[in-house]
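**Q** So the chains spell out like this:
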Amino acid sequence: MITRGVESILARSLLDPDFLDALMVDPNKSLSSYSLDDTTRREFLSADFARIRAFSGFICKVQHNYLWESFPATRKLLAVYGLEIDLFSRYRRIQLSQKRKHEERRESILRFIEFLEVDLSSKRGAPFRLMRELLKHERATWETRLSLGNIPAQTSTEASMCELNWSRFQRLTPVLCGPLAIRKFCYDPIPLAHLVVGDTFDYGKLPPRSPRILGYWGDRTTCQLRVLTLDRLTAGVLCWINGRRSVRKVIDCVRRSAKDALKPRDFRGLFEDMVEARLLSLRGD
Amino acid sequence: MNSLPIPALGVAHSGYIPAFLGRHPDAVDYVEVPFELLRHDPSVIEVAEKKPIILHCASLSIGGSVECSAQTRGEIEKWVALTQTPWIGEHLAFVTAERAEAGPAAEAYAPGEPYNIGYTVSPPMNQITVERVARNFDHYSSKFGVPILLENSPLYFKVPTSTMSQVEFINKLCCLTSAGLILDLAHFYITASTFAFDALEEIEDLPLERVVEIHISGVDFQSGGMWDNHSKPAPRLIFELLKKVLMRANPRAITLEYNWSARFPEDILLDELSLTRTIVASRG
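As you go down the protein sequences, you meet chains H and D in turn.
So that you can map any letter, position 71 of the first sequence is 51 in this note's numbering, and since no number is skipped, the others follow by simple counting.
So that you can map any letter, position 17 of the second sequence is 784 in this note's numbering, and since no number is skipped, the others follow by simple counting.
Because the hints were derived from the structure by calculation, they are not lab data.
Ideal Cβ placement from N, Cα and C applies to all residues, glycine included.
One or more of the hints may lead you astray.
[Said to hold, decoys possible] In silico contact screen, one side only, chain D against chain H (beta carbon under 8 angstroms); selected entries:
id	residue
1	Arg840
2	Ile884
3	Pro914
4	Trp994
Modelling step: build the complete structure from the supplied sequences, incorporating the hints.
**A** If you want it as structure tokens, here you go:
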């Protein structure tokens, strides 16, 4: 019996998904190059490779425990619905292929989140709908918080903005005061996330749909994340602001893409409100 | 640690623990800290200002055939001194394995390096491994100036070439060495589930008089099996096992290991600490 060989084969099967796949398909062939005695070979031929694969997924799961910090509701739902081992078993190959690149934690998180989003997008049923909503919410929260520290200082709004005539006002350029992500939801994800994380969510009964648009704003003045409930028009305006388009251009874009029959002048109050809320600044021309 | 009650009650370090200790300074007697965490983030040692530290370790690969590197041993030695830990808890497992043994078609993974799984894996339960673990134990025990305790790993599948149960393995190991044990009750429960034996009955067959520390944490069922889970509360059976073990064992420490989630519910942790104290007190 070659115990060291047993450990090496096990280690390889946990670190080399191609090898493990080959073992599952044809263990005899995969082990043919190993100098194993008859007993060891026989034992390997009858080994539970599906369980070893699940164990590899379990290791991957544990190595992603840091996700609990920023994605607690998503992780909780994966756990509650018993999806973790299967999901991380499928993700293991990607994890291992990146491991040697010594990537930053944020890159690892992003890689997994993108994998999960694709995975969930193909699934039907209420649990997956709920997971997609909470993942979207937690990703926007996480990304906005990350971006909050990387925003260059903005110029402040012209003090005399309210005295500007309409023509000059339209030539101003709106600039977001901090990172902003806008997301549409079928449910309000904030109370849902609280219930899920706090273990008080009733999994037998999804709440009624409550469509909404949320803006995840990294407020530079307080250095805090603020989640704003936005109406469709405000969200539409904010989506077109890129720090280069003028007020006039933004209004044109919104009016072309939306069916609202608002006149251009009707937008002025909206811009002024957003400036007052410090969500925007308006640069002079 | 010498001035602590027996058994002392502790928690495994996690992101939420410093704040927890701030709010509940008398809830626990010590904090268990993994060597690997200290290596990654030395500032974690600041918790020692509040509570004594017990050092836990998953790097010696005491169940394997690849010797732990001199650099890692040196770092463990440094943290033993800095934490003043009374012992080092180590898994009865391997983390590294020889690549050369894996055959000519082995993946070109870290050429020249052994496989590093990055997670503890139980070795085959057989006589060859028992003898090797005993040799490794004696070898490492002379290195650190504090005892090494060996912790039962969870068995998720039958490792090829195993010829004995984990309970038999641990008994044989205790015959060959003076090793003290960490009995992880969740790991034991998982092994019982994998091999379909009665945990409450079989635990009697362990050398419980060797148990120095007990670990408590959760488990869950997924993909057709039971898995270790340090982010879920312990099931009732874990506390039944604790009661049974305490009838014979006299551990110096009991650690609640909820260190996988940065958000383990505080009320549940307090409840489990209270329940553990009650069970300890009721043994008379």
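**Q** Is the interface hint for D/Pro914 satisfied, with its Cβ closer than 8 angstroms to some Cβ of chain H?
**A** 26 angstroms, violated
**Q** Taking the least C-beta to C-beta distance, is D/Ile884 closer than 8 angstroms to chain H?
**A** OK, holds: D/Ile884 within 8 angstroms of chain H, min 5 angstroms.
**Q** Tell me if D/Trp994 is really an interface residue toward chain H, meaning its C-beta lies closer than 8 angstroms to one of theirs.
**A** 6 angstroms, holds
**Q** If you take the shortest Cβ to Cβ gap from D/Arg840 to chain H, is it below 8 angstroms?
**A** Nearest chain H Cβ about 20 angstroms off; hint violated.
Checked against the numbered hints given earlier, this structure breaks hints 1 and 3; the rest are met.
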